[in-house]
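Make a model of the complete structure from these sequences and hints.
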Amino acid sequence: MKLVTAIIKPFKLDDVRQALHEVGVAGVTVSEVKGFGRQKGHTELYRGAEYTVDFLPKLKLETAVRVEMVEQVVEAIQKAAVTGKMGDGKIFIASLEEAIRIRTGETGREAL
Amino acid sequence: MKLVTAIIKPFKLDDVRQALHEVGVAGVTVSEVKGFGRQKGHTELYRGAEYTVDFLPKLKLETAVRVEMVEQVVEAIQKAAVTGKMGDGKIFIASLEEAIRIRTGETGREAL
Amino acid sequence: MKLVTAIIKPFKLDDVRQALHEVGVAGVTVSEVKGFGRQKGHTELYRGAEYTVDFLPKLKLETAVRVEMVEQVVEAIQKAAVTGKMGDGKIFIASLEEAIRIRTGETGREAL
Amino acid sequence: MFKKTTGRYVALAAGLLGMLPSLALADELSAGDTAWMLTATALVLFMTIPGLSLFYAGMVRSKNVLSVMMQCFAITALMSVLWVIYGYNLAFGDGGSMNAFWGGFGKLFLSGMTVDSMSGTIPESVFMTFQMTFAIITPALIVGGFAERMKFSAMLLFMGIWLTIVYAPICHWVWGGGWLGDYGVLDFAGGTVVHINAGVAGLVAALMLGKRKGFGKAAMPPHNLTLSVIGASMLWVGWFGFNAGSELAADGTAGMALAVTQIAAAAAALAWMFAEWVVHGKPSVLGIISGAVAGLVAITPASGSVGPMGALAIGAAAGLGCYWAATSLKRALGYDDSLDVFGVHAAGGIIGALLTGVFSAVSLGGSGLAHDTISEQVIAQGIGVASTIAYTVVASYLILKVIDAVVGLRVDEDSETEGLDVSQHDERGYILT
Amino acid sequence: MFKKTTGRYVALAAGLLGMLPSLALADELSAGDTAWMLTATALVLFMTIPGLSLFYAGMVRSKNVLSVMMQCFAITALMSVLWVIYGYNLAFGDGGSMNAFWGGFGKLFLSGMTVDSMSGTIPESVFMTFQMTFAIITPALIVGGFAERMKFSAMLLFMGIWLTIVYAPICHWVWGGGWLGDYGVLDFAGGTVVHINAGVAGLVAALMLGKRKGFGKAAMPPHNLTLSVIGASMLWVGWFGFNAGSELAADGTAGMALAVTQIAAAAAALAWMFAEWVVHGKPSVLGIISGAVAGLVAITPASGSVGPMGALAIGAAAGLGCYWAATSLKRALGYDDSLDVFGVHAAGGIIGALLTGVFSAVSLGGSGLAHDTISEQVIAQGIGVASTIAYTVVASYLILKVIDAVVGLRVDEDSETEGLDVSQHDERGYILT
Amino acid sequence: MFKKTTGRYVALAAGLLGMLPSLALADELSAGDTAWMLTATALVLFMTIPGLSLFYAGMVRSKNVLSVMMQCFAITALMSVLWVIYGYNLAFGDGGSMNAFWGGFGKLFLSGMTVDSMSGTIPESVFMTFQMTFAIITPALIVGGFAERMKFSAMLLFMGIWLTIVYAPICHWVWGGGWLGDYGVLDFAGGTVVHINAGVAGLVAALMLGKRKGFGKAAMPPHNLTLSVIGASMLWVGWFGFNAGSELAADGTAGMALAVTQIAAAAAALAWMFAEWVVHGKPSVLGIISGAVAGLVAITPASGSVGPMGALAIGAAAGLGCYWAATSLKRALGYDDSLDVFGVHAAGGIIGALLTGVFSAVSLGGSGLAHDTISEQVIAQGIGVASTIAYTVVASYLILKVIDAVVGLRVDEDSETEGLDVSQHDERGYILT
Ligand SMILES: Nc1ncnc2c1ncn2[C@@H]1O[C@H](COP(=O)(O)OP(=O)(O)O)[C@@H](O)[C@H]1O
Ligand SMILES: Nc1ncnc2c1ncn2[C@@H]1O[C@H](COP(=O)(O)OP(=O)(O)O)[C@@H](O)[C@H]1O
Ligand SMILES: Nc1ncnc2c1ncn2[C@@H]1O[C@H](COP(=O)(O)OP(=O)(O)O)[C@@H](O)[C@H]1O
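Residue numbers (this note's numbering), protein chains in the order written: chain G, 1036 to 1147; chain L, 1036 to 1147; chain U, 1036 to 1147; chain E, 2 to 434; chain V, 2 to 434; chain P, 2 to 434.
Note that these hints are calculated values from the structure, not bench results. None of the values given here were measured: they were computed from a predicted structure. Where is the CB? At the ideal position from N, CA and C, for every residue including glycine. Check the hints yourself; a few may be wrong.
[What the hints assert, rightly or not] These stretches of chain V come out as covered by chain P in the derived footprint (C-beta under 8 angstroms, 3 or more residues):
| id | stretch |
| --- | --- |
| 1 | 70 to 77 |
| 2 | 109 to 115 |
| 3 | 124 to 136 |
| 4 | 208 to 218 |
| 5 | 262 to 272 |
| 6 | 394 to 400 |
| 7 | 418 to 430 |
Below you can see the structure in the form of structure tokens.
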């Protein structure tokens, strides 16, 4: 099993969800995160005090998938999340040793 | 060392914390996440516009533990978090190469 | 590639960001998390009901870096985040199999 | 047997006469009094929406924030319509031979109330609406007792029946020409009619519904105290309309009611704050605002007849007494009155009602008792309190029993866990990202 | 041809005379009436800031929360200044031979208005400011139509011109001695002048700007309904100033206006709530508050001339009618009126304007029609409605066209995605951690 | 030496007589004036809670949101009690031979104030409570200077002493028959007494406490501007009570005060907004609301004596002047006045106080000066400003010094990092999940 983690632009969530669904990914866990990277933030202004907000709101998607699906999943995410502008985000792949479904106690691929 | 990650129902946090404490886990990091999976979301209604909210609030617990404790920890979480209804969540196990305690600089098992 | 994850005290974010920047880390993803550990929480009081809040607000920083930078990065974080008081947090290192930049499709070290 | 100490009873009597156009003895309209009563009516409505609904909304968990606001809002709408159809008549009508007990059903739908109908020196339309705002806030207060677990449908049914069977009659007893008013019970702006009544009904509901799931184990801190502070502040400001408006005129008694309201609220806020500071080591914002509300409750029955020093004393007593009731007493007895409607409104109302019998005495800076001595007056006040409590306990219990049998009072466990906002209303309070 | 049914027109006439010091026939000042009108002015301002701005702010997505509040606040400031410079004169001045259509530019900068100028029984300064608050809330209502996508600069330009070309003349037609008032159209507090006018202009703007990005696909739920409930509650309370204040005196008509306002709001809130409950299975807080606002809108033109039962009927009709307009009709036609200014304000205003012609009849508990029969009056009301709609559609369209050509109406796509708070104002609404 | 231009001084004098029942020369009660003053009192309380507390709460970081609201609330309670015990007497009592400087301690505990005591045409109880609300908001304004770092206990001590030693005497000097009023300084509603006084004291506190930890390095943006917009809106609405209420009657002067208040607030809001737009490229919501408050501050001393055009000018000047003070000046001098109580209230107060001396002239549309020429009047105004500043700087400094020595002014570093909500009050503002 692999854990695929994607950092994406928030407004792309629906598209990515849809794409994952189409390649057969049943479960995803999403967190709201702040991203620092090449993409520039914006300036804020309060009573004359200007300062730069250098983080940007992003979403982090995590999905545990079978090894053979990884390629497909990555492709699906990448296609759905891309806008071509800076800040589109990253996809990371890491290895997962075990997965357990809490409800049933199933383990391994059965648990995903 | 292993990193045990659990996605659970929010109202189970106290029970799981308690269970982890009992098996000797000292540290846990918790994030609020949104989960997509088999469990169905609810419908919302605003001025006649009905739509389905397909994510559900979940908590993600992460705890780095020594290899020999993994089994115990997983069992503790599973028992404490289970309700038997859909959406109880998952436990994932991944390998961790190193851990450092920022305060002291200790590394490895000492750092947990 | 390695994924370096750091749990730090929230008010240390700026210092750590700065330190990472100095060692050449371009991208970081930050989440707000709650930490349970050795550091004690505080008591809250509502209409005579006292109870202990045993979690503490922390930030989780994740950054994917080339293998050869890991040591530097860990050191930078540790120096910048330390206060010497309980609750300073942890740094975890895990292995990352692949990284993809969504915008361009680049993979591996190029994607970071 | 007792001296009438304010213009209120006279005005009320005139109000009733005003309902009978054939007997038109109406005073001349005073634009000044009318101006104040238009404003006072707005202020009392302001107490419920948004005031009380915010005060309560901030104290529940975030998954129930809308449910509480919805309840207050729906109560506002429902009570208004029922009041127009029959409530006003039940409370302020002429019950004939039964007038000691209720106002009858003589004139439904406000028939006979025209643009020219008078109630004392103000239009009857204003008196009717002013009283309506009292008939709104009283049931809305009860929400605090059963918050976070009652079915919306059951809540609505309960409130409609409760207005009819509990509020309107008690209102008639005290203000509408009924037996308590006749007996010389002093309740200028509703310590008994409104606060004890609601506070006790809230406790009955809390007991009958049972504790919230997890109560005592899981922490249930207020989710947004900022809202509660706004709400308490609005209650405070609006209470000027409640108390000084109860004079039904812009005169010296209204002015003094304004002053003593302010003084008692402030004294009670400080009393609760310092008590908590001493006992727990820190003063809290939930504490100080609870204290202010306690003081406002306690001065309510007294606001037409005590002086500034009486107000200081009543406020301080209410601050300390309600602090004890909402913390120690509640813990000792173990009931789950979610937002302390008993600890603040019933306890504060009782303290205020009894002390009204003391500090209204001329010798203590008040403007006079209805009975001859302080002890006689305190006994009368006690009778008012006791009979209100007895009646509201029994009647509220019966209403809830019936509703429980018919539609069920409480949401199921999953709905409670999920929160009432989603389970009852298909909405969420905060979608901040 | 028609009976004058209230003191309003007289007072207005006196107000105009008050502008001409040489003709000083001023009534004597009534402290009571003045007290009420000072308060009513505060209440109507309170409707816009914070009332309406909260009602709206809660309904948008969190990235646009400040933009909506900013728009309401900036409108408040800009309209105040324009009103003082020429707006008041345009609306309430003496247009001479053109007086049927506008008030002219005779006296700019309030010249001639002194501390002693009277308008009926109140100082003209109060009348001028009271009317100013109407000239503030009307444009602010329009914001609901184009929320979440209009450029701030274009918005400001639009509103300034719209006040001048649309609001001031229509206000003059109805209340300033113009042709609609002369013709016996009943619009006590602004069903036509304010609500239909704004609701229709909002729809025009919604259509011209086009739908929000993602509309129909992405969910756009209200981000903080707590704010909307507070806002709706404040609108309700403030509306007493709007309607009962439109009497310009503290008298029986003001009192009845207060009562019917309360009744209609309550009836409409219940009507919408129950309709939704039946249709969708659950009542929602957005529903009940929308219903209350719909009822308030609908009773506005009627509030000086209908009785309590007329108010019940108008409220119920508005609750059902606006529920239909803001849900089914909107879906059927597919426009993106972000916050339903058309579905609530235009629809509610039309229902109210027409039913005013019915329930003002003495036989139905009202205080009299301006025309001889209900059907004649309803026709007159219809003419008022139709001419207002026609004028505002054409004029609003033209203003928007010109502004679009000059500065552009809509923010660019990235700015819309990022949210107007950051893109237009360099600020964020919530920084909670 | 100077003409009395309004009824205010007369009313005040009568108020003082009203305190001496043996000399009962009281005017007859006007229900209209009383109605307005009851309302105005409610409005001014509304300015502090919830108005100011929200305005401030929104601007701090979320970890300190409750602390600011707690401070405003506790000040409200404490000042009320102190005012009743001795404050009112200090400010409005008869100081005998020392009357130029203070009102003495002649009659504590409001002794002698009964239901029948009059102050001009209104009950003395109303006058006393109205003035109490001024004694509440003035210290509450100071909170803006030291927000996010002061100990709650020290804050409470400071405010209690400050009321006694600073506010009450200055209030007496200007309104209570003291030397500044005698000298013909025009300060209708408190530009000097309230705003300059509080603004300067806030700066002194900011300097003595030192900067917030991280000031200048870490970003400290407002955590919830929605709250600040609500608060500013409430301040605006409530200010009608502040300014038009200061006439103590519902008459033409009150009406004009209402109008000029609205005009100045609007003009200043626009001025700040456009200035920022030009300088920074975007208008901000924090900017426009700050501008509105600046305009309200500046018109305060002038509101009883200038006309609409004077108000426009004063508003515009205040908007620009305070924009400069709260941004450029603050940056240049480098002090950390957390919420700009100096930049907005002191700066706005000074601008308003001086321009009152200009625009009150009959030739400029005002209703008259107390001195013979504009320049003499401006000098008098300057003396009022200067003596207030001098006195409040010295006295505030000394009080803070003493308190620092006794209990310490500032929380420790860890508490500041953690936030005052948890460290001082064991509570958190938001528990949204
Ligand atoms: N090395 C990294 N480790 C973790 N997260 C990263 C890393 N680099 C970028 N990110 C995340 O990806 C987001 C987008 O990266 P950015 O450099 O702005 O643009 P792009 O993805 O187009 O190169 C960042 O906001 C951050 O959340
Ligand atoms: N493959 C997955 N990868 C990551 N998270 C998952 C995955 N599958 C499920 N989850 C998380 O677990 C939660 C519960 O899963 P769900 O399928 O609803 O029920 P169950 O755990 O009972 O099978 C989801 O809401 C999601 O947060
Ligand atoms: N074993 C662990 N796994 C995951 N997170 C941990 C673990 N131990 C500690 N943490 C995180 O690190 C934070 C600090 O740990 P704590 O034990 O309080 O102090 P210290 O880091 O000084 O030992 C915790 O709040 C928690 O978020």
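Okay, the hints, checked on the actual structure:
Remark: the stretch 70 to 77 of chain V is confirmed as covered by chain P, as 5 of its residues place a Cβ nearer than 8 angstroms to a Cβ of that chain, reaching the required three. Coverage of the stretch 109 to 115 of chain V by chain P holds [criterion: at least 3 residues with CB-CB distance below 8 angstroms; count 4]. For the stretch 124 to 136 of chain V, the stated coverage by chain P holds: 7 residues have a C-beta nearer than 8 angstroms to a C-beta of that chain, and at least 3 were required. For the stretch 208 to 218 of chain V, the assignment as covered by chain P is violated, since 0 residues bring a beta-carbon within under 8 angstroms of that chain's beta-carbons and 3 are needed.
Proximity of the stretch 262 to 272 of chain V to chain P, defined as three or more residues with a beta carbon under 8 angstroms from a beta carbon of that chain, is not established by the 0 residues found. Taking a C-beta to C-beta cut-off of 8 angstroms, the stretch 394 to 400 of chain V contributes 0 residues in contact with chain P, too few for the three needed, and the coverage statement is violated. By the rule of at least three residues with a Cβ nearer than 8 angstroms to a Cβ of chain P, the coverage given for the stretch 418 to 430 of chain V holds, with 6 such residues.
Hints 4, 5, 6 from the list above are not met by this structure, while the remaining hints are.
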